[in-house]
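Enquirer: So you can see what is in the structure, the chains are spelled out below.
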Amino acid sequence: MSASMDRRGLFRGLAGTGLAAGAAGLAAGCAHAGASARADEPATDAPDGPDRVISPYGEHQPGIAGEPGSAVSVLALDVVATDRGGLAEALKALSSRVGTLTQGYAPRPTGISGPPSDSGVLGPDVPADGLTVTVSVGASLFDHRFGLAGAKPLRLKPMHAFADDDLDAARCGGDLLLQVSADHGDTVLHAVRDLMRHTRGALAPRWRIDGARPPSRPTGAPRNHLGFKDGIANPSADDFDALVWAGDDEPAWTAGGSYHVVRIIRMLTEFWDRVGLSEQERMIGRRRDSGAPLSGSTDADDPDYSDDPRGSVTPLDSHIRLANPRTDATADQRMLRRAWNYDAGLDLAGNLDLGLVFTCFQTDLERAFETVQHRLQGEPLVDYITPVGGGYFFALPGLRDEQDRYGRGLLDT
Amino acid sequence: MPRISSLATRVVAALVVGTLGLLAVLAVVGLGPRHVATRPARGRSRPVVTASVTRCGDGFDAVATQPVGQIDVRDDDSRPGEVRVVAVGGARDGAVYADLELLAPGTTVPLAIDLPTGSYAVQCLMEDEEPVTGGVVDVQGASTGTRGVPPVDQSELLRTTLDYQAAVGHRLGRVRHRISGLVQHLASGDLPAARHDWIAAHRGYQLLGGAYGAFGELGDAIDGLPHGPPTLDRHPVTGFHRIEHDLFTARPHTARLIGDARALASDLAALSHRLRSTQLAPLDLVLRAHEITEDLLQRTLTGRDDLGSHTALATADGDLAATADVLRRLRPVLTGRVPHPARLFTDLTTTRALVRRLARTPDAHRSVAQWPRVDREQLASAVAGLAESLAPLAVALEPRRTS
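These protein sequence lines are chains U and L, in that order.
Going by my numbering, the letters in the first sequence line up with residues 1234 to 1646, in that order.
Going by my numbering, the letters in the second sequence line up with residues 2 to 404, in that order.
One chain only, chain U, in its complex shape (with noise of 0.2 Å):
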């Protein structure tokens, strides 16, 4: 079915396009290239200054290495069209969608022909408010429908269950991954809303979660339901040659993509409420107030464990030093992580359904988070968190232009 997906015609305003990127500096906590104000637009826009627009345009998407928004939703999708013409439609339907609502728009009026063709969420002008739309693509793409087996990214593989995990299959894989960030949540829904509306009959939904990055509480890295700053330590963009992006072993299509796990991890945080301070700062390896490494003073203060053999100060089998011992010999299984925090209501013993969006992005799987998940295995935090869902799935090279769409290379092939 495609009626759907060329009958609403690419719509680009003016805004966005060609514009300096002098104002760029505006956009608070926008610190990556590819990031500008709109020159046109005063701060109307956006409830809390200029609207930060930022290009879905470069050689990397742009919500990799890019700062996460406040507000994610993230959308596993699965190819209903049956050849790889139909396939290819749908991605060109995300590219030009995913092109448009970045750069922010006035949506088309209708007249009499239709109903509107936007939800009118966002109002009548639609604001970028720091949107990106991250496309990904599942192992199970790979299989006999689209002819692409030969075309799999080489590290590319199902997500199974680990020791500690607690799977549940309707919140697992998929063909196609979204993960749509922005500023604030309504704009987020307003672009999960227009991206399904453009390629239904051809995506089929399977399954999502949103989440939320609070503000810092006081100050630096957001804190997740367990009252602990996350995500205080990633990789810097120096690194991300050797870390994140795809490396020169696999197929030509893949270059500027990156491999990226999805994580749905419940937070048993009324148990967790029940443990002692001391216990749970020994679990995590950080000081819970300030997010200090038990080894240093400040959250910026790098952990060291060099002279803690032990485990004395920051215990052997606490999560940061687990997940990142900081040897040499772990340099490379580093990862970029991107996380938010979710809130899904109730489960049926009355506990909060509470947890964590975790998302990372890196060059090899295996050598990164597989590692590091089987060092975590049976670590003392497990009792508090229970892997729930996600999957393995490729994030696709940046798109170039607004010609270009996603997945150009791997279909050429």
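Source of the hints: derived by calculation from the structure; they are not laboratory data.
Each hint should be verified, as a subset may be incorrect.
What the simulated footprint calls covered on chain U by chain L, stretch by stretch (three residues with Cβ under 8 Å from a Cβ of chain L suffice, anywhere in the stretch; the number is not a length) [stated by the list, open to error]: (1) 1344-1351; (2) 1431-1440.
Far from chain L by the CB rule (all over 12 Å, computed), these chain U residues [what the hints assert, rightly or not]: (3) 1382; (4) 1388; (5) 1394; (6) 1448; (7) 1452; (8) 1456; (9) 1468; (10) 1475; (11) 1501; (12) 1503; (13) 1511; (14) 1521; (15) 1522; (16) 1553; (17) 1612.
Nothing here was measured: the structure is a model prediction, and the numbers come from that model.
Beta carbons are placed, not taken as given, at the ideal position from N, Cα and C, and that holds for glycine.
Chain L: place on chain U using the hints.
Expert: Below, chain L without anything else, positioned relative to chain U:
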């Protein structure tokens, strides 16, 4: 349609524009096929266009240089009314490019426009007055823009709606016949035959296209669903789904079922009477083009309307057949109003074939929740895609005043 089109109007329009405006036009045109100008520059006031019998369209000439963006429509009349921007002359003569309904006297309401190159005028349809058309304005717009649609007059659909109503009445007769059979089979204790009657009657009822409350309270009594668990539902379900709940169990309570089936027969008789004594509005026919599939998505493919029979595929088959019937009847008015009418029929045929294929699998006897995920995804996506493609029909074919 009275026109005040004249060379003079166009000359005035050009003079009003001024050099800056002309430059703006050139700039927009010079950027090529991509649609760029989405709003007037800041600081430039939006054109105010008058809606009234005597001064319809005053101020509209400003769109010559601002064909994309918003205009403010001010009802200067003492009457409420409707305002349209229509094409004048050319292949799309009379096509509507923007429409503002429910305009109250004394109010000013913004109206978004996106006009492709052409000549346009404002049409004012004030209550109890003949339509009035204002001066014609030439617009150098973008190569794309809103798709103009010729309005459908009520009269164009009267015959079709009457025919449709007759067909619905005929089908209802067959449903009633099946329900008589159901009562008899229940009385004789032949439960397999009774279940077969129920399935056939329920599928037959879907063919009537009574989606979305088209039959009002009677429709609810016949094919309504529980409003909640029995402890919360003060108006327990009746009709098809009450019978379904009790019939598709291991040991049905036959006497109670006979009473329920008779009550359903009586509601169907009342519906039959109403179909004969009242006239269906053409708008009802138009709305059904997509509302039957909306019902299928919300009630059936979510499993909500399955109270034990596990006949989602039979329901889907009936719903899609009903949609195909409505679409066939609307075919004459589709051309020129929907971009790819043929594709609608193709998509519908493909989806019906998918339902028939699934009906040959164990899904035909399972609740939707028990289907393999891929089957659920295939059918839900096909039907959702169809609903998306059919949605414009309800707007584009809505009967409108043309005189």
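Enquirer: Would you mind marking each hint as holding or not holding in the structure?
Expert: Going down the list of hints, with the structure as the test:
Given as covered by chain L, the segment 1344-1351 of chain U passes the check, having 5 residues with a CB less than 8 Å from a CB of that chain where 3 are the minimum. Look at the segment 1431-1440 of chain U against chain L: 6 of its residues bring a Cβ nearer than 8 Å to a Cβ of that chain, three or more, so the hint holds. Distance check for residue 1382 of chain U against chain L: the nearest CB is about 18 Å away, which clears 12 Å, and the non-interface claim stands. Residue 1388 of chain U, annotated as away from the interface, keeps every beta carbon of chain L farther than 12 Å; the closest lies near 26 Å.
Non-interface status of residue 1394 of chain U relative to chain L is upheld: no Cβ of that chain comes within 12 Å, the nearest being about 18 Å off. The Cβ of residue 1448 of chain U lies farther than 12 Å from every Cβ of chain L, with a closest approach of about 32 Å, so its non-interface assignment holds. Distance to chain L confirms residue 1452 of chain U as a non-interface residue, since its nearest Cβ pair spans about 37 Å, more than 12 Å. Every Cβ of chain L is farther than 12 Å from the Cβ of residue 1456 of chain U; the closest lies at roughly 36 Å, confirming the non-interface assignment.
Distance check for residue 1468 of chain U against chain L: the nearest CB is about 37 Å away, which clears 12 Å, and the non-interface claim stands. The non-interface label for residue 1475 of chain U is consistent with chain L: the shortest C-beta to C-beta separation is roughly 38 Å, beyond 12 Å. The non-interface label for residue 1501 of chain U is consistent with chain L: the shortest C-beta to C-beta separation is roughly 28 Å, beyond 12 Å. Residue-level check passed: residue 1503 of chain U sits 28 Å from the nearest beta carbon of chain L, beyond 12 Å.
The claim that residue 1511 of chain U lies off the interface holds: its Cβ sits roughly 46 Å from the closest Cβ of chain L, which is beyond the 12 Å cut-off. For residue 1521 of chain U, the requirement that its beta carbon stay farther than 12 Å from each beta carbon of chain L is met, with the minimum near 42 Å. The claim that residue 1522 of chain U is not at the interface with chain L holds, since no C-beta of that chain comes within 12 Å of its own (minimum 45 Å). Residue-level check passed: residue 1553 of chain U sits 38 Å from the nearest beta carbon of chain L, beyond 12 Å.
Listed as a non-interface residue, residue 1612 of chain U keeps its Cβ farther than 12 Å from every Cβ of chain L; the least gap is roughly 33 Å.
In the structure shown, no violation is registered for any of the earlier numbered hints.
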